[in-house]
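S.K.: Sequence:
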Amino acid sequence: MDGVGRFARSLIARLDRVGADALLLAHRSLLARHRRSMAAQQAASAEPYARPSAWDFWLRRLSVRIANLHIPRHAGAYATALLLAATGLYGVQRGGHWPALNGAMLAFGDEMANATGLQVRAVRLTGNTKLSQPEILEAAGISPTTSVLFFDPAAARTRLTANPWIAEATVQKLYPDQLLVEIVEREAFALWQRDGKIAVIAGDGTVIVDQLDSRFQHLPLVVGRGAEKRVREIVGLMNGRPAIASNVRAAVLVAERRWTLVLKNGIDVRLPDTDVDQALATLTRLDAEKKLMTRDVSMIDLRVPGRVTVRLSEEAFRAHEAALKERQRARRRTGTAT
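For the sequence shown, the positions run 1 to 338 when UniProt numbering is used.
Warning: the hint list may mix true and false statements.
[As the list claims (entries may be wrong)] Simulated pairs of lysine-lysine, DSS-like, Cα-Cα distance not exceeding 30 Å:
hint : residue 1 : residue 2
1    : Lys130    : Lys229
2    : Lys173    : Lys130
3    : Lys197    : Lys264
4    : Lys291    : Lys264
5    : Lys130    : Lys197
6    : Lys173    : Lys229
7    : Lys173    : Lys197
8    : Lys264    : Lys290
[What the hints assert, rightly or not] Derived CB-CB ranges, DEER-like:
hint : residue 1 : residue 2 : range
9    : Thr158    : Glu111    : 19 to 29 Å
10   : Ser214    : Ala162    : 21 to 31 Å
11   : Asp277    : Arg225    : 20 to 30 Å
12   : Leu212    : Glu256    : 42 to 52 Å
13   : Leu219    : Lys173    : 34 to 44 Å
14   : Lys290    : Glu168    : 47 to 57 Å
15   : Met299    : Gly236    : 19 to 29 Å
16   : Ala243    : Pro164    : 12 to 22 Å
Hints in this document: simulated from the structure, not taken from any laboratory.
Note that the Cβ used here is the ideal one computed from N, Cα and C, for glycine as well.
Assemble the whole structure, with the sequences as input and the hints as a guide.
M.R.: Shown next, in the form of structure tokens:
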């Protein structure tokens, strides 16, 4: 009969039922939202099926074969030794020790070959006049311990032609115990002065001796940049005119274009850019007729064809001026007396 109490119990029961329904609805809503989100992510990340390429198929087969491969015993030790050897060779190469290692291996090979009777016991050498036999053997890398088997003729030829005296070289093996070395030496052709230093050069301009040697003081002297490349040209022209060549001290190449001959008495003979031989012929004729190269002049200019310009020396010029003044005074005295 307590209506308040019964009403209170009924309200609580209803509230419990409403709360449970609300929680269940919220749970279902969250679960549905989560499923939709997962479905959307899977749809966004899903890729269409693609047939694997031949390369992928080959890699898969290779991986299966490697997995089923039978590894022999001690394979790990062999691989480790190979890795260490490769590392050592790399270190030798990077450290610059390969020439020493190669030399040691070559020396060992020579010892083995010499023990079998392949040691070099004789060297046939031809063509040398300026270089001695010991100098050539040293340049070719031939020593008492060299073996014919491991001797490298191509390398020896390269070393020989690196010597400025040697123009060509031929090296051959003559089994079982001989070598043949044939060389062609360069000839000292002229002296070349550059940067205040004088060197001995061959006809092709190769520097043979990088200093003045008393044995070659008689050679013609050329001066200037590029003169060594044209030395055959000017020396050949002078040799064709002995009267001029005997009076020339040096041939100077000016601006790498034309030659100026410096005579032993100090006269400069300026030659043209072209037709040098004709200019030398003119100089030879004038010297034969008027002793031009022994006159008291400082310069003979032959650069303009058909015209010869001569400059007097300072002493000759002063003497010429004095003679002119004396002649003028004599004329004035003659006019006054008249």
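S.K.: Hint by hint, note whether the structure agrees.
M.R.: Against the structure, the hints:
Taken as a hint, the Lys130 and Lys229 pair is honoured in the structure, with Cα atoms around 23 Å apart against an allowance of 30 Å. For the hint pairing Lys173 with Lys130, the CA-to-CA distance comes to about 24 Å; that is within 30 Å, so the pair holds. Restraint check for Lys197 and Lys264: satisfied, since their Cα atoms lie roughly 20 Å apart, inside the 30 Å limit. For the given pair, Lys291 sits about 15 Å from Lys264 by alpha-carbon distance, which is consistent with the 30 Å threshold.
Note on Lys130 and Lys197: the hinted pairing holds, with a Cα-Cα distance of about 23 Å set against a maximum of 30 Å. Distance hint between Lys173 and Lys229 is unfulfilled; the C-alpha atoms sit about 37 Å from each other, more than 30 Å. Under the criterion of a C-alpha separation no larger than 30 Å, the hint pairing Lys173 with Lys197 is inconsistent with the structure, at around 42 Å. At most 30 Å may separate the alpha-carbon atoms for a hinted pair to count; Lys264 and Lys290 meet this at roughly 18 Å.
Roughly 25 Å separates the CB atoms of Thr158 and Glu111, a value that falls within the hinted 19 to 29 Å. At roughly 26 Å, the beta carbons of Ser214 and Ala162 sit within the given window of 21 to 31 Å. Under the hint 20 to 30 Å, the C-beta atoms of Asp277 and Arg225, about 24 Å apart, fit the expected range. For the pair Leu212 and Glu256, the supplied restraint of 42 to 52 Å is violated, since their beta-carbon distance comes to about 23 Å.
The hinted range of 34 to 44 Å is satisfied by Leu219 and Lys173, whose Cβ atoms lie roughly 39 Å apart. For Lys290 and Glu168, the hinted distance range of 47 to 57 Å is satisfied, since their beta carbons lie about 49 Å from each other. The supplied range of 19 to 29 Å is met by Met299 and Gly236, whose beta-carbon atoms lie about 25 Å from each other. Between Ala243 and Pro164 the beta carbons are some 34 Å apart, a value that contradicts the proposed interval 12 to 22 Å.
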